[in-house]
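Participant: If you want the building blocks of each chain, they are given just below.
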Amino acid sequence: MKLSIKDQIGPRCIIKEDGQKIYDEIYGSLKNDETVTLDFNGVSQFASPFFNFAIGQLLKDIKESDLRRLLQIEHLNETGKLVVEHVIENAAKYHGDKDYRKIVDDILEEQAREAG
Amino acid sequence: MAQKVIQILTLNDGVWDFQQLFNIWSQVNDYFEDVRFDFSGCHFLRPNAVAFLGGLARLIESRMGTVVFDWGTLHNIRVMTNICQNGFAGAFGYPLSRWDGNSIPYREDKTLDMNGIMDYLTYNWIGKGWVRVSSRLRDAIAGKMWEIYNNAFEHSGSDIGVFSCGQHFWRQNYLILSVVDFGRGIPANVRTFLRQYADEVLVSKLSGAACLKWAFERGNSTCMGGVARGLGLDLLKEFVRINQGKLEVYSNEGYAIIDKDGERYENRDISFEGTVVHITLRCDENLYRFRDESEAPF
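As they're listed, the protein sequences go chains A and B. Quick note on numbering: our numbering labels position 59 of the first sequence as 219, and the sequence is numbered without any gaps. Quick note on numbering: our numbering labels position 232 of the second sequence as 234, and the sequence is numbered without any gaps.
No lab work stands behind these hints, which were simulated from the structure alone. Don't be surprised by glycine CBs; every beta carbon is placed ideally from N, CA and C. Please note that a few of the clues may not be correct.
Here are the computed distance ranges between Cβ atoms for each label pair [stated by the list, open to error]:
(1) I244(B) to M161(A): 35 to 43 Å
(2) K191(A) to Q174(B): 49 to 57 Å
(3) K112(B) to N192(A): 54 to 62 Å
(4) R38(B) to N201(A): 50 to 58 Å
(5) K112(B) to D221(A): 34 to 42 Å
(6) G159(B) to L242(A): 29 to 37 Å
(7) M161(A) to D32(B): 52 to 60 Å
(8) G118(B) to A252(A): 31 to 39 Å
(9) D201(B) to M161(A): 45 to 53 Å
(10) I272(B) to E194(A): 56 to 64 Å
(11) D102(B) to A252(A): 40 to 48 Å
(12) R266(B) to N237(A): 27 to 35 Å
(13) D286(B) to K220(A): 36 to 44 Å
(14) K220(A) to T83(B): 38 to 46 Å
Using the sequences and the accompanying hints, generate a full structural model.
Facilitator: This is the structure:
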C-alpha cells in the first residue's frame, strides 16, 4: 500500500484530525503485517499533532520494531523526520497508566527542596 | 452607566510590563460594565501588550461589557502608526484599515484556523524578509510556532479564542511573536488533571512554577485518550535553544523562561487566568540554516 500524503491531506501535515485520517487508512494493513509506504513528496510543513495521531498512536498496538520494518517513509524532509523521530520515541515510552500519585509526591519533594 | 477608565502606560515586554498587563486584567476581570482605555501615558506598546489588550477587550465584550479604546488620547505618533499598520487600531474602532508595511498584523482566532494561522506565520511573520531563510527553513520555523497555537486551542478552554501579534525590531535585529489566551492557564490545567489521580490536598500545594515545569517536560500532557502527546513545548524549547532566542510563558501565577542560560521556572505575585507565550528570535542568518545549507554547525 502506498499513500501520497499530499493527495490525501495537502502540503501541510499539522493537525491531529489529518493525522487520524492517515492512521485510519494504514492501521489495518500494518496490523496485517503488510508494508505501507507514506510518500511525503510535496508536503512542506509539519507539526507534532499530525504525527502523534498518524504514526504515534500506531505504537499502542504495534511494536516499534515491527512498525519500523513495515512503515516506509519517502521524501520526508529533515524537519519532518525530526518530528517523526520525536513522536516515535515519545509514543514508545508512553504509558497510559503512569503513577501520578508518585509524580505529585516527586514534584512536591522537589518543590520543597528548591524552597530551601 | 459608569465607565471605568484604565490608564494604559508605556508597555514593553519585561517582567514589570507583564505585571502591569495582569494588573489591568484584574481591574476589569470582575467588572461587567463599561471600560475605557486611556492612552495618554503610552509612548510604546509592544506586541505582547497589543495581543493582551485585544484579547482582554474581547473578554470584556464576551461578558456583555463594552470597551472603548480612546484613540484620541494616544498622542504618540509612532505608536499610533504602528497599531494602525498592524490592524489593531482598526479592529477597535479607529477608522483606518491595516496596510502591508513593516509590521506584523494583530490577529484574532476564535477557532483553530490551520491555514489562516500557518499563512500568517509563514508569510507575515518569519517569511517577511526580516531574515533570509530558505523556504524549507521558513516552513520548519512556522511549524514549530504552530505548536503554540495548538496548545492554546487544545488546552486553554478559552471561549473567545487566541490573540497574537508580532514585531520585528530592526535595530536590535530580533523578531517577536506573542500569543495570548484567557483560558484556564497551564498550572490550573495541570492541577485539574493530576487531581483525577492524586490527593486533592497534595495537588493544590503544587506551585505554578512546578506545574509549568511538569508541562514543559517531554511526554507530559494533560490530554487523555491514549495517544501520546506532550511534544509541543519540548519542540519549541529545543528550537529556541538552538537559535539562541528566548521563550517566556506567563500562566496563572507561574513564569517560565528558556534562553541561552537554560530554563527557569518561577512563581509570581500577580496571577491571571490565561497564558501568554512570548517568543523572541534572533535574526542572525548564521543561526537559521540547516546543516546541509552551510558549514554552520547545525
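Participant: Hints first: check each against the structure and report whether it holds.
Facilitator: Structure-based check of each hint:
1. At about 36 Å, the CB distance of I244(B) to M161(A) agrees with the hint of 35 to 43 Å.
2. For K191(A) paired with Q174(B), a C-beta distance near 54 Å keeps the hint of 49 to 57 Å intact.
3. Between K112(B) and N192(A) the beta carbons are some 43 Å apart, a value that contradicts the proposed interval 54 to 62 Å.
4. Between R38(B) and N201(A), the C-beta spacing of about 55 Å keeps the proposed range 50 to 58 Å intact.
5. One distance hint, 34 to 42 Å for the beta-carbon pair K112(B) and D221(A), holds here, with the actual separation near 37 Å.
6. Separation of G159(B) from L242(A) is about 30 Å and conforms to the stated range, judged on CB atoms against 29 to 37 Å.
7. Between M161(A) and D32(B) the beta carbon distance is about 57 Å. The supplied range of 52 to 60 Å therefore holds.
8. Restraint check, G118(B) to A252(A): a C-beta distance of roughly 34 Å satisfies the suggested window 31 to 39 Å.
9. The hinted window of 45 to 53 Å between D201(B) and M161(A) holds, with their beta carbons roughly 49 Å apart.
10. The supplied range of 56 to 64 Å is met by I272(B) and E194(A), whose beta-carbon atoms lie about 57 Å from each other.
11. Between D102(B) and A252(A) the C-beta distance comes to about 46 Å, which sits within the given range of 40 to 48 Å.
12. In this structure the hint that R266(B) and N237(A) lie 27 to 35 Å apart at CB holds, the actual value being about 33 Å.
13. Between D286(B) and K220(A) the CB atoms are about 42 Å apart, so this pair conforms to the stated range of 36 to 44 Å.
14. Look at K220(A) against T83(B): about 54 Å separates their beta carbons, and that is not inside 38 to 46 Å.
The structure is inconsistent with the numbered hints 3 and 14, although it conforms to all the rest.
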